[in-house]
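Asker: Residue numbers (my numbering), protein chains in the order written: chain A, 1 to 361; chain B, 1 to 326.
Derived by calculation from the structure, the hints in this document are not laboratory data. It cannot be assumed that every hint is accurate.
[Unchecked claim] Taking CB as the label site, the calculated pair distances span:
(1) B:R55 x A:P218: 49 to 59 Å
(2) A:N221 x B:A157: 27 to 37 Å
(3) B:I322 x A:V173: 29 to 39 Å
[Claimed, not checked] Just so you have them, the derived chain B footprint on chain A, three or more residues with Cβ under 8 Å:
(4) 154-167
(5) 177-185
(6) 256-263
(7) 287-301
(8) 320-330
Model, not experiment: these values are computed from the prediction. Note that the Cβ used here is the ideal one computed from N, Cα and C, for glycine as well.
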Amino acid sequence: MPNNTSSAVETGANRTPRRRRETQTYRTWRQFRRHRTGLFGLSIIFTLMLIAVSAPLIAGNQPIACHFDGQWHFPALVDVANKIPFLSFVLNKSKPFRFAGFDAKTAVGDDESAIWPVVRYGPLETTSDGLARPSREHWLGTDEVGRDLLARLVHGAVVSVKVGVVSMGIAAVLGVLLGGAAGYFGGWTDALISRLIEVVMCFPVFFLILSIMVWIEPDINNVMVVIGLTRWTGIARYTRAEFLRLKSQDFVAAAVVSGAGPLRIMLRHLLPNAMSPLWGTIAFGMAQAVLTEAGLSWLGFGVQWPEPSWGNLLRSAFEHRGVAPAMIAGPSVAILLTVLAYNLVGDALRDATDPKRAATP
Amino acid sequence: MTRYVVKRLLLAVPTLLGITIVTFAVVRLAPGDPAAMQLDGTPGGDSARLHEQLRAYWRLDQPLHRQYAGWLARLVTFDFGHSFVDHRPVWDKIAEKLPWTVGLAVASLGATLALAIPIGVIMAVRAGGWFDRITGVGLYAAFSVPNYVAAGALIAAVAVIPIDWLPISGAISDDYDGLSVGGRIADVVRHALLIGICYSYPALAYQARFVRNNMLETLRQDYVRTARANGLSRCRVIFRHAFRNTWVPLITLLGLTIPSVVSGSVILEVMFNWPGIGRLFYASIAQRDYPTVMALSVVSAVLVLLSTLAADIACARADPRIHDAQ
């Protein structure tokens with residue numbers, strides 16, 4: 001008898017080879033893969049992230065690699081590595097390059113072998129020609145103190161990428177927890193949380209965020225947290241509705257019977273089944289977060305001058321519109337492309353998770 | 001219907017209370033010391049005076065719940081206190097700016113609907129045709145251009161090639177008082193044109209696409225085919241039978257997008273120098289005029305609440321099932 005069962009299991013295993021577990025999220029990805037515009041948006045986002053991570057390799061006043069004083073140095077690569085948390089304590093640039101007064105551009109002459117970034121200017125490096133038109137030297141021109149605008153644009157991408165990911169991360173956690181609790185527990189919890197969602201939704205985002213920003217130091221981390229704290233309502237509403245729909249199904253009853261606590265049921269059983277429609281909302285939210293950050297920086301409450309961000313690049317272009325109208329092109333196109341990319345991904349995700357839309361292309 | 005309206009209004013009361021609590025909590029309990037931040041060179045004088053003003057405004061000698069209750073009691077009578085900057089009553093300052101923002105919002109909403117509905121309907125009726133495809137791509141592109149980016153580009157363009165009849169700053173000309181009534185209206189419309197376009201084109205793009213998708217679904221329904229089979233004219237079927245079913249989701253959508261429209265007013269009004277509450281809010285924040293900041297965040301949230309209410313009631317009127325079910 002035991003022999004029998006084991007052979008049955010074996011033949012069963014032989015007949016259906018082990019497949020990857022088909023989670024809802026994986027199914028969503030399979031649908032998404034077929035969506036051409038969605039993939040296009042995704043590739044823009046990945047490119048943007050790549051640019052943000054490798055910003056010092058694209059624009060900077062330190063060489064990527066150079067042979068200087070009989071030794072090889074990699075200052076720009078160290079800059080990239082230093083963005084990884086904790087690595088910054090370990091890694092340091094080799095000797096002359098880390099000194100503040102050291103100008104790599106004049107010190108490393110043409111006779112030394114060196115690989116330079118495409119744009120040989122740092123985001124904060126000033127030059128003598130202010131408000132220059134786009135030229136071969138400065139592809140997008142310079143700002144009022146002669147900083148290279150392309151370098152600033154490239155380094156500004158870091159902020160936009162970070163804001164999208166971090167603030168929507170905060171919003172997603174908050175939204176799932178609050179919306180999930182409302183949907184799962186119902187009753188008074190639901191009534192209270194639903195009221196809270198309604199109240200927060202009443203505040204126009206800029207008014208709410210700005211009223212908070214008056215009280216705290218304007219800085220990128222605060223901006224991300226505040227955007228996250230004000231952007232969770234959409235996700236919470238979705239989660240609540242999904243949990244309400246799912247909680248009466250048999251698998252939840254089974255989980256309850258096997259003794260799972262509410263938190264475990266919510267996170268391990270309900271959330272994986274409710275997650276797929278959330279992805280679209282999160283993608284749209286990221287577009288909004290990028291827009292909000294740029295808007296805040298434009299108003300002077302986000303990233304502080306002279307640190308580059310697309311919002312304050314746009315502001316300085318706006319202020320010099322009479323003299324150097326071309327300044328406005330770079331940050332405008334960058335914001336536009338990013339928002340478009342997130343929207344394309346969001347649309348594709350919504351199509352991929354909506355059975356009604358999937359049936360009728 | 002009356003019962004539904006009353007019920008909906010009563011339900012708004014806790015939300016209204018919630019709005020005041022959130023505003024109070026945000027402003028009152030946020031970390032950071034306003035008097036200390038005043039030291040970093042912002043206009044408005046020394047920190048000792050601000051401290052004194054804040055003490056008086058908040059009645060800091062009382063416990064927290066009494067502070068809130070006192071503030072709420074004054075709020076109900078539209079007493080928002082006096083501005084720290086020019087010492088005028090805050091409500092007066094807001095009341096003179098409010099019509100500019102509300103007027104612009106209502107006008108652009110009307111224009112948006114007047115354009116979005118026909119465009120969406122034509123797209124749906126001729127789905128897959130050249131108009132549908134070209135407009136579809138165009139609307140998607142328009143929807144993805146953030147309105148302040150477009151506004152910046154427009155303003156820069158007008159800075160390079162000035163158009164004398166198209167001002168880009170302010171709401172009225174210097175000689176406004178000397179103009180005739182017709183001249184005044186024309187003057188305001190001229191000033192409002194560019195900011196109005198920036199205000200409404202994202203909404204237009206979104207709504208037209210929304211109308212198209214909804215209409216597509218409705219046109220596929222059996223009752224539409226029945227109506228056609230009964231010999232009704234195409235136009236009658238589209239507008240009397242099909243489009244009516246798009247009204248309710250459209251109104252719901254409008255209610256949901258109003259907060260973002262009001263929110264966008266801050267940057268646009270600053271850019272175009274439009275004398276509305278968005279610019280007042282920005283100026284108050286820059287000058288750390290706390291009573292005005294608080295009053296405006298309550299007022300903006302109440303505006304949104306009112307328009308959501310209006311949208312709900314309009315929905316109930318358009319679809320009897322909504323208020324019958326309750």
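Asker: All hints are to be evaluated individually against the structure, with a verdict given for each.
Answerer: A quick look at each hint next to the structure:
no.: 1; hint: B:R55 x A:P218: 49 to 59 Å; verdict: 26 Å, violated
no.: 2; hint: A:N221 x B:A157: 27 to 37 Å; verdict: 36 Å, holds
no.: 3; hint: B:I322 x A:V173: 29 to 39 Å; verdict: 34 Å, holds
no.: 4; hint: 154-167; verdict: violated (count 0)
no.: 5; hint: 177-185; verdict: violated (count 0)
no.: 6; hint: 256-263; verdict: violated (count 0)
no.: 7; hint: 287-301; verdict: holds (count 7)
no.: 8; hint: 320-330; verdict: holds (count 4)
Violation of the numbered hints given earlier is confined to hints 1, 4, 5, 6; the remaining hints are satisfied by the structure.
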